[in-house]
Amino acid sequence: AVWATPPFFFFLFSFFSFVPFFRFARRPPIMTCIRRFTCDDLFHFNGVNLDHLTETFNLGFYLQYLSQWPDFFSVNLNSANQMMGYVMGKAEGNGKDWHGHVTAVTVAPLFRRIGLASSMMEWLERMSEHVYNGYFVDLFVRKSNHVAVGMYERLGYTTYRTVLKYYSGEEDALDMRKALPRDVNKESVVPLKHPITPDQLAYD
Numbered sequence: 246a247v248w249a250t251p252p253f254f255f256f257l258f259s260f261f262s263f264v265p266f267f268r269f270a271r272r273p274p275i276m277t278c279i280r281r282f283t284c285d286d287l288f289h290f291n292g293v294n295l296d297h298l299t300e301t302f303n304l305g306f307y308l309q310y311l312s313q314w315p316d317f318f319s320v321n322l323n324s325a326n327q328m329m330g331y332v333m334g335k336a337e338g339n340g341k342d343w344h345g346h347v348t349a350v351t352v353a354p355l356f357r358r359i360g361l362a363s364s365m366m367e368w369l370e371r372m373s374e375h376v377y378n379g380y381f382v383d384l385f386v387r388k389s390n391h392v393a394v395g396m397y398e399r400l401g402y403t404t405y406r407t408v409l410k411y412y413s414g415e416e417d418a419l420d421m422r423k424a425l426p427r428d429v430n431k432e433s434v435v436p437l438k439h440p441i442t443p444d445q446l447a448y449d
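With our numbering as the guide, the letters of the sequence shown map in order to residues 246 to 449.
Bear in mind the hints are in silico, worked out from the structure with no lab data behind them.
You can trust all of the hints, since none of them are fake.
Quick list of in silico lysine-lysine cross-link-like pairs, DSSO-like style, CA-CA up to 27 Å:
(1) K438 / K388
(2) K335 / K388
(3) K431 / K335
(4) K431 / K388
(5) K410 / K438
(6) K438 / K341
(7) K410 / K388
(8) K341 / K431
(9) K410 / K335
Across the chosen pairs, the derived CB separations fall in these ranges:
(10) H375 / N291: 26 to 34 Å
(11) C278 / N430: 35 to 43 Å
(12) C284 / L355: 22 to 30 Å
(13) L287 / R387: 20 to 28 Å
(14) S389 / N430: 29 to 37 Å
(15) E416 / P436: 15 to 23 Å
(16) D296 / E415: 16 to 24 Å
(17) V435 / G305: 35 to 43 Å
Given the structure is predicted, the values throughout are model-derived calculations rather than measurements.
We put the CB at the ideal spot given by N, CA and C, even for glycine.
Using the sequences and the hints, build the whole thing.
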């Protein structure tokens, strides 16, 4: 006698054979590399800047960062040489206020939730520690951007102070910091008790 597969089990076999392909067929390649941002990359980063929370600056702004802080300006590419995201920052301050600053970190919508932002933040932190010997790393983030705030908290950042109406005079910003090994006593991340206004910022 020929054994016949019951229709129900045939359906389950077909379904679970198809699901892995469906889940991963459209997933972008996860092999990535980080290298320094170049002028040529300015012609290819439009897809990354589609996010409404990512600000696109004028050309001179990017060229200034490329010329002054090339170690802080890097891009993340996949195996097809497609831009997945980038991070840009700078070193600033004096004395114990000498630190690395995250100006922008953004990932293209297609490549989110695979750890790229975290890896780029770690890159900038290493530059701040080993190249510039800073005391801490800081950044500004919209107070309403709970996803970004949560990510930074998982990376070890804490809110140092609130900057009132920092974004276009409308929305508050959180100034978040992470102490580096040079700040042994973590003095740089002791939070301020009261918010400040943008005109009170020494560096932005």
